[in-house]
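J.: All chains should be modelled from the sequences, with the hints used to inform the complete structure.
Each chain, written out:
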Amino acid sequence: MKVHYTINGEKKIFEIKPGEVLLDVLRRNGYSEVKGNCYMGTCGACTVLIDGVPHTSCTILAAKVDNKSITTIKGVGTLQHPHPLQKAFVEKGAVQCGFCTPGAILSAYALLKENPNPTDEEIKKALDGNVCRCTGYVQQVEAVKFSIKLLKEEK
Amino acid sequence: MLKLKNVRQCFMPDSLQEAVDILRDSQGKAAIVGGGLDITVFPRPYIEKLIFLDKLHLNYIKEKNSEIRVGATVTITDMERSLLIKNYLRGRVKEILGEVASQLLRNQITIGGSIARGHPYSDIIPLVYALRGRIVLSDGKDDEELLIDDFYRENFRELLKNKIVTEIRLKKYDDSYRFGMKRFVRNATDIPLLNVALLIKVEKNIIKDASISLGSRPGIAYRFIKGEEFLKGKKITKELAEDFQEFTEENVDVGGDARLSKTYRKHLAGVYSKNILLNLMEV
Ligand SMILES: Cc1cc2nc3c(=O)[nH]c(=O)nc-3n(C[C@H](O)[C@H](O)[C@H](O)COP(=O)(O)OP(=O)(O)OC[C@H]3O[C@@H](n4cnc5c(N)ncnc54)[C@H](O)[C@@H]3O)c2cc1C
Chain G
1 MKVHYTINGE KKIFEIKPGE VLLDVLRRNG YSEVKGNCYM GTCGACTVLI
51 DGVPHTSCTI LAAKVDNKSI TTIKGVGTLQ HPHPLQKAFV EKGAVQCGFC
101 TPGAILSAYA LLKENPNPTD EEIKKALDGN VCRCTGYVQQ VEAVKFSIKL
151 LKEEK
Chain D
1001 MLKLKNVRQC FMPDSLQEAV DILRDSQGKA AIVGGGLDIT VFPRPYIEKL
1051 IFLDKLHLNY IKEKNSEIRV GATVTITDME RSLLIKNYLR GRVKEILGEV
1101 ASQLLRNQIT IGGSIARGHP YSDIIPLVYA LRGRIVLSDG KDDEELLIDD
1151 FYRENFRELL KNKIVTEIRL KKYDDSYRFG MKRFVRNATD IPLLNVALLI
1201 KVEKNIIKDA SISLGSRPGI AYRFIKGEEF LKGKKITKEL AEDFQEFTEE
1251 NVDVGGDARL SKTYRKHLAG VYSKNILLNL MEV
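Chains as they are written, first to last, in my numbering: chain G, 1 to 155; chain D, 1001 to 1283.
Derived by calculation from the structure, the hints in this document are not laboratory data.
Fair warning: there could be bad hints in the mix.
Unchecked claim - With a straight-line cut-off of 27 Å between C-alpha atoms, the simulated DSS-like cross-links for lysine-lysine are:
1. Lys124/G <-> Lys1086/D
2. Lys1055/D <-> Lys2/G
3. Lys1049/D <-> Lys113/G
4. Lys1094/D <-> Lys145/G
5. Lys1005/D <-> Lys68/G
6. Lys1055/D <-> Lys17/G
7. Lys1172/D <-> Lys1204/D
8. Lys68/G <-> Lys1232/D
9. Lys74/G <-> Lys125/G
10. Lys12/G <-> Lys1232/D
11. Lys1204/D <-> Lys1234/D
12. Lys1232/D <-> Lys1172/D
If you're wondering where the values come from, they're calculated on a predicted model, not measured in any experiment.
T.: Take a look at the structure:
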């Protein structure tokens, strides 16, 4: 069957198997920035935004997302034009192996869109499904707070 | 990794009638998709058709006839953020919804999918039990409304072979009611090892009515009627909370499993029941 997605602003049509999850469709079509790991919704490495809401793409049926808009980490910022959140994650040491980083940044990005001045508790809650085994989370919270400062400076 | 290998067709019906017709005609080989979390994580090999509810306009939370009506495809996040839930039972329901699983999973899990799946470790089921919620089912033409007790007392899986959960109805409670819930988990994405929900009506410090449910027992959640009877008519005090712990430990129907022994789960049930009651004293 065919599905229509808008990925990072670009319209796409993909052929999928009816029982496939979104993660597999994205990776097969070259979106390797979306990381696959647990296939149970428990690690958050595969996080993408669907119509702006963070989801684990390993547990979302690809057919359910037909006609929706998907944002991967490359839709947030690129190497050439990083988003303040990406700069802040690097600056504050919130990146080590990097496997969880796209997911964590996408969760933080969705949070800041909705709530530009979150408390520490709100940041922790927004990122509670993005498991990181390197940095220990403190740096991630620091990075999100630092990105708020960068975003304000950018305005 | 293709987990749902045998799925051959997806349907996006425009009406409940169409959805129920496909479900009924598929004779057990079709699955309704709410959020799809359970369907993708625990795939059933006999499923050949998926029926999505996304076009059926079941994503609403509204107030009608002194009830909060929650459409089946509302996610935990939608419900947590709803203005109708914000001050419901002094914000305690909102609080507990925000603790379920992780943010990413709360964005996916639907209320209808939680009720229909009937997982022993669901947080939604004991919550709806304690709030004396009612489940609305549709056969495509008519609605049937069942108290949650009756839904699970009947063979709900049999009911769902040709019916769809469309709505959950929660009574609005006046200020004399107090609600609390606790869930025991090791981390955000861990399933609960025990959850306890308690609703009491207090007038002049006397408990006039009580509704208690425990889940992750490890069986499916149930109403702790003996506990409700124990509390009714008593003055809410610290001593009562202590006695309630002891009573719960002796009378609660919980078992053991690989994750928690029966003795520990009984003790935990007692401690949680006491602590919820102590918190409710301070309201
Ligand atoms: C990693 C993980 C952690 C979890 N943690 C928690 C937790 O902390 N607390 C908690 O409460 N739960 C937790 N769950 C369980 C989760 O809530 C259930 O799996 C729930 O059923 C998912 O909801 P859904 O809408 O995605 O269901 P789906 O996967 O869409 O459906 C579940 C079942 O219900 C049927 N169904 C769905 N909607 C309807 C409907 N409207 N009418 C009739 N049938 C329907 C489906 O056919 C299927 O059989 C967890 C699950 C996972 C995988």
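J.: Take the hints in turn and mark each one as holding or not.
T.: Verification of the supplied hints:
| no. | hint | in the structure |
| --- | --- | --- |
| 1 | Lys124/G <-> Lys1086/D | holds, 21 Å |
| 2 | Lys1055/D <-> Lys2/G | holds, 18 Å |
| 3 | Lys1049/D <-> Lys113/G | violated, 37 Å |
| 4 | Lys1094/D <-> Lys145/G | holds, 25 Å |
| 5 | Lys1005/D <-> Lys68/G | holds, 24 Å |
| 6 | Lys1055/D <-> Lys17/G | holds, 21 Å |
| 7 | Lys1172/D <-> Lys1204/D | holds, 21 Å |
| 8 | Lys68/G <-> Lys1232/D | violated, 51 Å |
| 9 | Lys74/G <-> Lys125/G | holds, 24 Å |
| 10 | Lys12/G <-> Lys1232/D | violated, 61 Å |
| 11 | Lys1204/D <-> Lys1234/D | holds, 11 Å |
| 12 | Lys1232/D <-> Lys1172/D | holds, 21 Å |
The earlier numbered hints that this structure contradicts are 3, 8 and 10.
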